[in-house]
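As a plain string of letters, each chain reads:
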Amino acid sequence: MTILATRTARPAAASRRRFWTRRTRRAGLNLLGLLVALVTLFPIFWMVSTAFKPDTEWYSLTPHPLPAHPTLSNFSTVIDGSVIGLPYWNFLKNSLFVTVVAVVASSLIALLAAIAVARFRFRFRTTYLIMLLIVQMLPQQALVIALFIDFRSLNLLDSLVGLILVYTAFALPVTIWMLRNFVAAVPRELEEAAALDGAGPVRIFRKILLPLVAPGLVATSVFAFIFAYNEFIFALTFLGTDSAKFTLPIYVQYFYGRNGAQWGPIMAASTLFTVPVMVFFLFVQRRLAAGLVAGAVKG
Amino acid sequence: MVRTDYGQPGSVSSPAGLPSGHGPPLTFRQWIRRHRVAPYLLLLPSLALIAALVLWPTAQIGMLSFQNYGLPQLAGAAPSTWIGFSNYSQILHDPEFWLSFRLSVISAAIMVPLTLMVGTLVGLLLARLGRKMATFVSSVAVLAWATPAVSASVIFVWLATPDGGVLDWLLTKLPHWLGGGAHWAGFSWTNAALPAYALVTLLVVWTGFPFIAVSVLAGLRTIPSELHESARVDGAGSWRIFWQVTYPLMRPIFQLLFLLSVIWDFAVFTQVYIIIGELGQRDEYNLGIYEYATAFQLPPAYGLASAAAFILTIILLIITVGYVRASVKEGALT
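As they're listed, the protein sequences go chains A and B.
Each residue of the first sequence is one higher than the one before, counting from 1 in my numbering.
Each residue of the second sequence is one higher than the one before, counting from 1001 in my numbering.
Accuracy of the hints is not assured; some may be wrong.
To be verified - Some, not all, of what chain A presents toward chain B, calculated at C-beta under 7 Å:
1) Gln141
2) Leu160
3) Val161
4) Leu172
Hints listed in this document are in silico derivations from the structure and should not be mistaken for laboratory results.
Backbone N, C-alpha and C define an ideal beta-carbon position, used for all residues, glycine too.
Please work from the sequences and hints to get the whole structure.
Dropping the structure here:
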């Protein structure tokens, strides 16, 4: 009897103890997660917070996390262009033009290449794929010297067209590398059935492959978008003298270089440049995690 | 070039088909099928762009590095001359080159392990968190990753400003035994190489760890949970489980992440350019900045810079070979 009682009592106590240790462990882990999130978020938070602070609050002996008297004056300084002489929209327009054209061009060209690599076995296929891996890793600050000389003789300096060309080419390896998985995932049988029904390659592409690959096209174009929207070295070198042609990264850097202590407007400009990318990134985040390591993506 | 290969001009623009010169009439489509050129045609646009804008410039760097090429040659006022290895010997005898080289190597040697460590720890944490919390933390991490290098650099300069920056304020509030104290007030992070690169390292870890964390998390999901459970039942602690179960199973992923981090961190440019204040302070150059400044600061020396650029490229290519081999072993080409 007593033996039975102790036998049942012991596991109960142990499981209760385990329950509590599990709860404290869980709380500890959540706390740690929260800490990581807060530390990670802080620089971004500080940028946005400074952007809303009036100039009397930029510097203070004890920094306050939130603006005491929030203001939009920093943003209006940036947007009406009273510091640089050109409004923010001018640079946003340049950036969007370059980025959108480069993304569309590289996505289409990459789709063709992805079909070749995913659907055909041919000589040099492996060579081509390895070439893509290597090309991604070439340092842009080295290539920019030769491209500067080439573009100068082609009259492509101080021109957004030159940037579009470079961004399209440099976005290709990652885009092809990721797209080929999406193309390979489309069942071949669908295409074969359509071919049996008498559809030609163009029709098969338009009616079957393209609609099925479209979501993948969106996911991979994110990387081309991020690359082109954020790119610094080429824009810095090619757009050197013509500030009206600046893209947003160069604009933000130039703004900062010119207005060393005007942290409110600088952070406002930086916020206006950064927030769209972040919204975009969060929007597509779920699709990003898969297949990142192989055919890696520059962060 | 494509047309002469076909021997039938016009066929490109009219896929409906024109008779070919020899034998039975072939439509363009039949010709493609017979000679199996479809994949090559599909690759042509991408190959042309990459060849013209990536491969050719790389070759040009190699050629320029053996030439005397400066402003007169750029303007066409003087012909460029082949000068053998003298660009290289000039670079290799420049103490500033070695200073920048050393800064690149040392900073990468610190950034890479630090980023990998923080990223792995956060990845392991994410795997243990509940669903909601994990989504929250990884979303925040993705924000850091998505922050453009230019914005991130400007933000970090602002955080570390000597007058009114949060970083110095925080360090003055830190207890003495943690190295804090009043001597941090007004400390300038960008005026000397050591603090400047400490700041760059902080920035690189901040933007770099989310990618590692997400990749490690994805890798952890591929490990059957029974392995961890049975190890825990056998009484192994977290530390031992990581090194004896998790790490060996995920070694290929870690290898790829390591090589990628080395390639990226060795060639870090934008962050350094902004944090050291453009090209002002020569003793704070890393290899990439040194090479860029040689090319684009007056007087421009494109040939000389190409020699440095080629050295940088070769170093990165050597690491890339390891990366490609690891990727191929992982089955990346199938």
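Checklist line | Evaluation of the interface hint that places A/Leu172 against chain B, nearest CB under 7 Å | finding: holds, 5 Å
Next item on the list: Closer than 7 Å between Cβ atoms is the bar; does A/Leu160 clear it against chain B? Give me holds or violated.
Entry: violated, 15 Å
Checklist line | Status of the A/Gln141 interface restraint (C-beta, 7 Å, chain B) | finding: holds, 4 Å
Margin query: Can you verify the interface hint for A/Val161: is its Cβ closer than 7 Å to any Cβ in chain B?
Written below: Cβ of A/Val161 sits 13 Å from chain B, so the hint is violated.
Hint compliance for this structure: hints 2, 3 are broken, all remaining hints hold.
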